[in-house]
Amino acid sequence: GLDEVSTKKTMDDDAMILSTLPDSSTAWVSSASTHSACLVINDKDIPFEEFCQACPRFLTAIEEADWPQDRIRMMALFWRNLQVHRYQSFQDPLAQKTLLVYQVEQRRHWHVAAKSSIGPYDISEVNEKVLKETRTRVYWDNRLKRDNARDFKISVHCSFI
2 GLDEVSTKKT
12 MDDDAMILST
22 LPDSSTAWVS
32 SASTHSACLV
42 INDKDIPFEE
52 FCQACPRFLT
62 AIEEADWPQD
72 RIRMMALFWR
82 NLQVHRYQSF
92 QDPLAQKTLL
102 VYQVEQRRHW
112 HVAAKSSIGP
122 YDISEVNEKV
132 LKETRTRVYW
142 DNRLKRDNAR
152 DFKISVHCSF
162 I
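Under our numbering, the residues of the sequence shown are numbered 2 to 162, in order.
Derived by calculation from the structure, the hints in this document are not laboratory data.
Do not rely on the hints blindly, as some may be mistaken.
Unchecked claim - Derived DSBU-like pairs: lysine-lysine, alpha-carbon spacing no greater than 35 Å straight-line:
(1) 133 - 45
(2) 116 - 130
(3) 146 - 45
(4) 146 - 130
(5) 45 - 116
(6) 130 - 45
(7) 146 - 133
(8) 133 - 116
Since this is a predicted model, take the numbers as computed values, not measurements.
Using the sequences provided together with the hints, build the complete structure.
See the structure below:
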């Protein structure tokens with residue numbers, strides 16, 4: 002995770018590479034500055050065990066950032082309820098993936114609402130209807146990726162025949 006990103010170094014970290022900047026201009030930049038973005042893993046893609054380890058660290062961080070106690074408690078309950086949800090113990094790896102996707106999306110929605118006129122709301126209880134919809138999306142996303150990978154393999158194989 003983040004520890005690996007901050008410590009991973011290669012012999013070429015001092016090398017300079019030509020990079021396209023956001024304004025479409027080009028510039029020479031240190032290759033080390035381009036490495037870490039590739040190593041960061043989206044929350045929805047981390048192993049469930051790492052998610053469980055990250056939660057207490059995040060709670061410590063928001064306590065240190067002086068979040069209101071009711072919001073810290075809500076986030077703690079939110080993550081606890083996901084960690085003990087029945088999906089967590091299913092043999093299907095997409096069940097745990099569903100919990101990760103659900104928490105990313107619900108946390109994002111909560112932050113958007115907190116900054117709007119709606120204001121923050123309580124996400125500590127798992128919305129089973131939304132979770133079921135999320136599971137369906139996760140299944141079809143996974144199925145599409147597998148089908149595309151299979152189709153690519155067939156396409157590559159057929160082109161060499």
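Tested hints:
1. Simply put, residue 133 and residue 45 have alpha-carbon atoms about 16 Å apart, close enough for the 35 Å limit, and the pair holds.
2. Taking the CA atoms of residue 116 and residue 130, the gap is about 25 Å. The hint holds against a cut of 35 Å.
3. At most 35 Å may separate the alpha-carbon atoms for a hinted pair to count; residue 146 and residue 45 meet this at roughly 16 Å.
4. For the hint pairing residue 146 with residue 130, the CA-to-CA distance comes to about 25 Å; that is within 35 Å, so the pair holds.
5. Between residue 45 and residue 116 the alpha-carbon distance is near 23 Å, which keeps this suggested pair within the 35 Å criterion.
6. Distance restraint check for residue 130 and residue 45: the Cα-Cα separation of roughly 19 Å lies within the 35 Å cut-off, and the hinted pair is therefore satisfied.
7. Of the pairs offered as hints, the one joining residue 146 and residue 133 holds, with about 20 Å between alpha carbons and a cut-off of 35 Å not exceeded.
8. With a C-alpha separation of about 27 Å, the suggested pairing of residue 133 with residue 116 holds against the 35 Å cut-off.
Comparing the model with each earlier hint shows no violations; every hint is respected.
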